[in-house]
Amino acid sequence: MQLTLAGVAKRVGAAMHLYPLDFALQSRAVTVLLGATQAGKTTLMRLMAGLDAPSQGRVLVDGHDVTGWPVRERNVAMVYQQFINYPSMRVFDNIASPLKLRGGLDRAAIDRRVRELAAKLHIDPFLDRLPAELSGGQQQRVALARALAKEAPLMLLDEPLVNLDYKLREELREELSALFASGDSTVVYATTEPTEALLLGGYTAVLDAGELLQYGPTAEVFHRPRSIRVARAFSDPPINLLAGHAVASEIQLTDGARLTVSLPTDAIPADATEAGVTAGIRAGALRVHSQPGDVALAGRVELAEISGSDTFVHVAATVGPLVAQLTGVHDFQLGAPITLYADPARIYVFDSRGALLIAPDFPGAR
Amino acid sequence: MKPINQKAWWLVLPVFICVAFSAVLPLMTVVNYSVQDIISPDRRVFVGTEWFAAVMRDEELHSALWRQLTFSLAVLAVEIPLGIALALSMPARGWQASAALVLVALSLLIPWNVVGTIWQIYGRADIGLLGAALAWLGVDYSYTGDATDAWITVLVMDVWHWTPLVALLCYAGLRSIPDAYYQAARIDGASRFAVFRYIQLPKMRGVLMIAVLLRFMDSFMIYTEPFVLTGGGPGNATTFLSQYLTQKAVGQFDLGPAAAFSLIYFLIILLLCFILYNWMQRVGTADPEGASHE
Amino acid sequence: MARIDLDLAHSYLSDPKQDSDYALLPLQMSFVDGGAYALLGPSGCGKTTLLNIISGLVRPSQGAVRFDGADMTARSPQERNIAQVFQFPVVYDTMTVADNLAFPLRNRGVAPDRIKTRVGRIAEMLELSGQLNQRAAHLAADAKQKISLGRGLVREDVSAVLFDEPLTVIDPHLKWQLRRKLKEIHHELKLTLIYVTHDQVEALTFADQVVVMTRGQAVQIGTAAELFERPRHRFVGHFIGSPGMNFIPARWREGAIEVAGHRLPIAPALAERLSAAGEFMLGIRPEYVTQTEAGASGALPVEVSQVQDIGTYWLLAARAGETVLRARLNLASAAPDVGATVWLKVLGPHSCFYGGDQQLIAAGVEPEQPGASA
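Chains as they are written, first to last, in this note's numbering: chain A, 1 to 366; chain B, 1 to 294; chain C, 1 to 374.
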């Protein structure tokens with residue numbers, strides 16, 4: 001299924017919820033809508049589903065204009081943040097409901113399909129229970145199974161894992177990835193978490209304040225953000241941004257004005273020598289042990305956030321606040337002096353308007 | 001670009017017609033009567049605001065209004081605290097909670113005129129339990145003979161009939177308070193009264209507002225029970241506004257003054273509800289300048 | 001403040017028969033005066049029950065709670081002098097922010113001028129000074145939760161302050177600042193803080209000692225580094241870290257261990273314990289799995305099933321026999337192709353071995369340098 005939004009916008013009263021955008025969804029693949037709360041993800045999804053009509057523009061399915069068609073006449077499956085199931089139906093009937101509605105399937109076929117889906121989502125032991133008797137994770141699995149049972153060509157998931165514990169989230173995300181890969185629906189998955197987008201792979205559309213900023217293969221959008229706004233939206237922890245200005249082939253950072261970063265000569269356009277630039281360093285590109293050629297950034301530890309696999313060190317540096325992502329568990333005293341090192345080859349540079357000037361090489365780059 | 005769909009008007013039309021027939025037209029009829037003197041079915045004279053002026057000067061009406069206000073305020077003063085107390089003392093969970101709810105709700109299921117009849121019998125000195133008991137205690141009680149007795153009996157009857165409604169509303173409000181609030185209060189070392197004053201009462205504000213408005217409006221329009229119990233007597237002691245209105249309209253067939261009076265009655269209720277509502281809104285949410293007790 | 005000792009078990013049933021009838025299996029635990037602790041585990045693991053037992057909202061069905069040696073089992077929260085902050089903000093709507101903060105002190109009859117200084121200090125720490133005279137009902141959720149935190153911290157003489165997932169309602173990008181505030185406050189006020197959460201970041205960041213719980217059982221108590229480097233129970237290995245620790249079935253066979261059909265020789269120091277165990281699980285964190293040349297010591301041949309660019313590293317999934325092995329590989333190195341066979345080193349100083357009861361039986365194949373990770 002090929003879903004295309006042509007010049008679509010959504011206005012509610014005087015408020016612009018979605019600015020005009022053109023968006024041709026990658027067919028039969030996963031598209032992640034990435035953005036903070038209120039970025040317009042849900043608005044966009046409701047337009048795609050047909051739950052709302054756009055204020056302007058057209059929605060096309062396989063080239064046919066379906067703008068204004070009611071959602072019933074489109075074949076769409078949707079999964080929400082809340083665990084939405086029919087409370088009075090057993091799990092089996094919940095999953096079977098779209099199959100029964102569709103008709104044309106005999107009891108045995110429905111039975112087979114429901115059991116197959118339930119087994120895939122590990123809810124086969126609970127088919128005779130009511131949704132309320134299940135844990136949150138299991139309830140969401142039922143909702144997912146029901147959506148998958150519909151075998152709709154377009155499947156929309158609005159932050160489906162946000163209300164689950166993180167280990168459950170990890171598990172279910174992995175299973176979902178596998179299910180999406182094996183099916184041939186066009187999948188749209190909204191999330192606020194950059195890491196979730198990277199784990200789901202596929203394609204990513206970055207939304208911010210009702211604007212579609214960039215759309216492309218996930219790794220490419222991550223490694224080559226078109227602008228500071230994209231880089232900010234697609235970084236967790238947030239990308240470190242340091243103001244400065246270009247001097248010949250170097251960047252003179254404004255704060256402290258004593259740190260310079262070597263850059264290839266051709267990277268800076270002629271008009272940028274006078275204009276200010278912003279250097280962007282992803283948290284993962286900062287380290288505590290220096291290597292030859294590294295830039296040193298001194299400061300004090302504000303907090304070390306430990307996730308287990310990583311430690312996120314928040315540093316009040318002379319160049320401004322910095323966050324570094326270090327693998328494994330590291331202990332830091334609050335207020336202790338620290339020097340972070342950055343490899344100049346892994347620094348992004350944005351021009352004064354926030355557009356990307358140079359980006360580090362990335363493994364998948366063509 | 002955006003097509004404005006006019007079809008929606010057709011969908012609203014049935015509702016519009018229903019409202020017109022059930023509310024707007026009768027009201028307009030009343031307005032029509034209130035400005036005319038209907039002498040006979042085919043003779044009528046436009047009299048302007050004369051009926052309104054007459055009604056405003058009516059001494060009997062003044063005393064009925066005064067009686068009515070006193071009664072409604074008394075109803076609120078008794079039923080609201082009593083309802084809250086009842087709700088607070090009801091069990092929170094288990095079969096006891098269900099049993100208490102059914103018991104409390106019982107009186108609400110009885111039709112108004114039956115309530116009047118029940119109390120009429122209940123209060124009689126010869127066969128009524130209450131009347132006989134009071135007589136046995138040597139209390140000189142007669143709701144048909146003594147104005148104060150009659151007035152108090154009507155009040156007690158209303159309290160008996162309607163306090164459960166207030167209690168049920170408050171009970172629902174209380175049940176919606178998360179356990180964490182009570183736990184936090186215990187940990188903060190709050191007294192039982194502080195829990196009531198700072199958690200339960202503020203959280204019940206919404207339902208209390210509904211309870212006050214409902215009870216005020218209802219009691220202000222009370223008719224059936226005193227009509228059945230005392231017929232408005234003795235004298236005029238329990239003749240409240242609606243009974244007085246009915247006497248005028250149906251008893252004496254003074255349609256003009258009755259219509260004018262109806263409109264005034266309606267406006268009084270509207271105004272009082274408006275005042276009450278705004279006052280309660282303010283009490284609950286205003287930023288207290290220097291309200292901290294230091 | 002007080003030292004808290006627990007030696008108890010709890011069941012909500014009147015006649016518990018088997019382990020699953022218990023919300024908390026028998027446990028012994030001590031909380032040192034002035035320490036920062038976290039109770040970490042998935043929902044339903046018993047962490048909130050344990051917290052409510054410490055605060056006195058729940059009475060344990062067996063055993064005792066002691067504060068500085070004195071039996072407090074039957075005492076109320078007030079008598080225990082405990083403060084507690086809940087998951088959702090609890091504010092007194094009709095009071096101002098200042099009155100909210102002062103409430104626990106007023107109830108205890110603290111002198112007005114002392115209340116004033118203490119409220120001022122706490123408000124300053126939590127950056128609420130500007131809102132002291134506002135009515136609490138009108139504030140945003142995070143400000144309300146700060147008030148709840150403030151009411152928990154305002155009393156100087158509390159035995160302990162307990163937190164029940166207090167940052168649930170806080171906007172994600174404000175969370176780290178509040179975490180920092182809590183850590184600062186702990187350093188400054190030197191209160192005993194006990195923090196319940198299902199979020200590993202919250203627990204590991206906040207606490208000096210983390211208690212990992214599952215199914216009513218406290219499976220390990222330790223620092224963040226201990227839990228990461230040497231999980232004493234398989235659940236800890238699985239729960240801490242994302243993705244969690246890899247577990248590969250292994251067994252002892254004729255002087256070496258056999259993993260996924262592959263023989264790996266092992267140092268004699270471990271041989272004794274592993275040979276006694278017979279069959280066991282080899283645990284290795286994805287962060288410590290490295291790619292090596294074919295046939296390197298301690299390495300296994302695996303078939304690559306998925307390679308993902310996670311921005312800062314490659315996340316590799318590979319099959320070793322029946323098991324899926326995950327590895328975090330340096331993004332600078334070339335990613336292996338899906339379907340290719342590569343060699344991954346699984347034996348090293350970070351390898352752990354777990355017996356049939358899920359407990360750690362041995363760890364560290366080569367001599368370990370202490371503090372190598374810090």
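Be aware that a few hints might be false.
[Stated by the list, open to error] Residues from chain C that face chain B, not an exhaustive set, calculated with beta carbons under 10 Å: (1) 56; (2) 130; (3) 152; (4) 199; (5) 247; (6) 273; (7) 315.
[What the hints assert, rightly or not] A few chain C residues that don't get close to chain A, going by computed Cβ distances all over 10 Å: (8) 172; (9) 183; (10) 223; (11) 260; (12) 279; (13) 286; (14) 301; (15) 310; (16) 311; (17) 328; (18) 331; (19) 337.
Don't read these hints as lab results, they were simulated from the structure. For glycine and all other residues, C-beta sits at the position ideal for the given N, C-alpha and C.
Hints and how they fare:
A least Cβ separation of about 9 Å between residue 56 (chain C) and chain B falls short of the 10 Å threshold, and the interface hint therefore holds. The interface hint given for residue 130 (chain C) is broken, as the beta carbon of that residue sits about 15 Å from the closest beta carbon of chain B, more than 10 Å. Of the supplied interface hints, the one on residue 152 (chain C) holds, with its beta-carbon coming within about 8 Å of a beta-carbon of chain B, less than 10 Å. At about 19 Å, the closest approach between the beta carbon of residue 199 (chain C) and any beta carbon in chain B exceeds 10 Å, and the interface hint on this residue is violated.
Of the supplied interface hints, the one on residue 247 (chain C) is violated, with its beta-carbon coming no nearer than about 39 Å to a beta-carbon of chain B, more than 10 Å. Because the beta carbon of residue 273 (chain C) sits about 48 Å from the nearest beta carbon in chain B, more than 10 Å, this interface hint is broken. Given hint, residue 315 (chain C) at the interface with chain B, is violated; its Cβ is 39 Å from that chain's nearest Cβ, farther than 10 Å. Separation of residue 172 (chain C) from chain A is inadequate, the least Cβ-Cβ distance of about 7 Å not exceeding the 10 Å criterion.
With a least beta-carbon separation of about 6 Å from chain A, residue 183 (chain C) fails to lie farther than 10 Å from that chain, contradicting its non-interface assignment. For residue 223 (chain C), the condition that its CB be more than 10 Å from all CB atoms of chain A is violated, with the nearest at approximately 8 Å. Residue 260 (chain C), annotated as away from the interface, keeps every beta carbon of chain A farther than 10 Å; the closest lies near 21 Å. Residue placement check: residue 279 (chain C) keeps its beta carbon more than 10 Å from all beta carbons of chain A (closest about 26 Å).
In this structure residue 286 (chain C) is not separated from chain A by more than 10 Å, as the shortest Cβ-Cβ distance comes to only about 8 Å. Here residue 301 (chain C) stays apart from chain A, with its beta-carbon at least about 23 Å from theirs, past the 10 Å limit. With a cut of 10 Å on Cβ distances, residue 310 (chain C) falls inside the contact zone with chain A, its closest approach being about 5 Å. With a least beta-carbon separation of about 5 Å from chain A, residue 311 (chain C) fails to lie farther than 10 Å from that chain, contradicting its non-interface assignment.
Residue placement check: residue 328 (chain C) does not keep its beta carbon more than 10 Å from all beta carbons of chain A (closest about 7 Å). Look at residue 331 (chain C): its CB is around 6 Å from the nearest CB on chain A, not clear of 10 Å, so calling it non-interface is violated. The non-interface label for residue 337 (chain C) is consistent with chain A: the shortest C-beta to C-beta separation is roughly 13 Å, beyond 10 Å.
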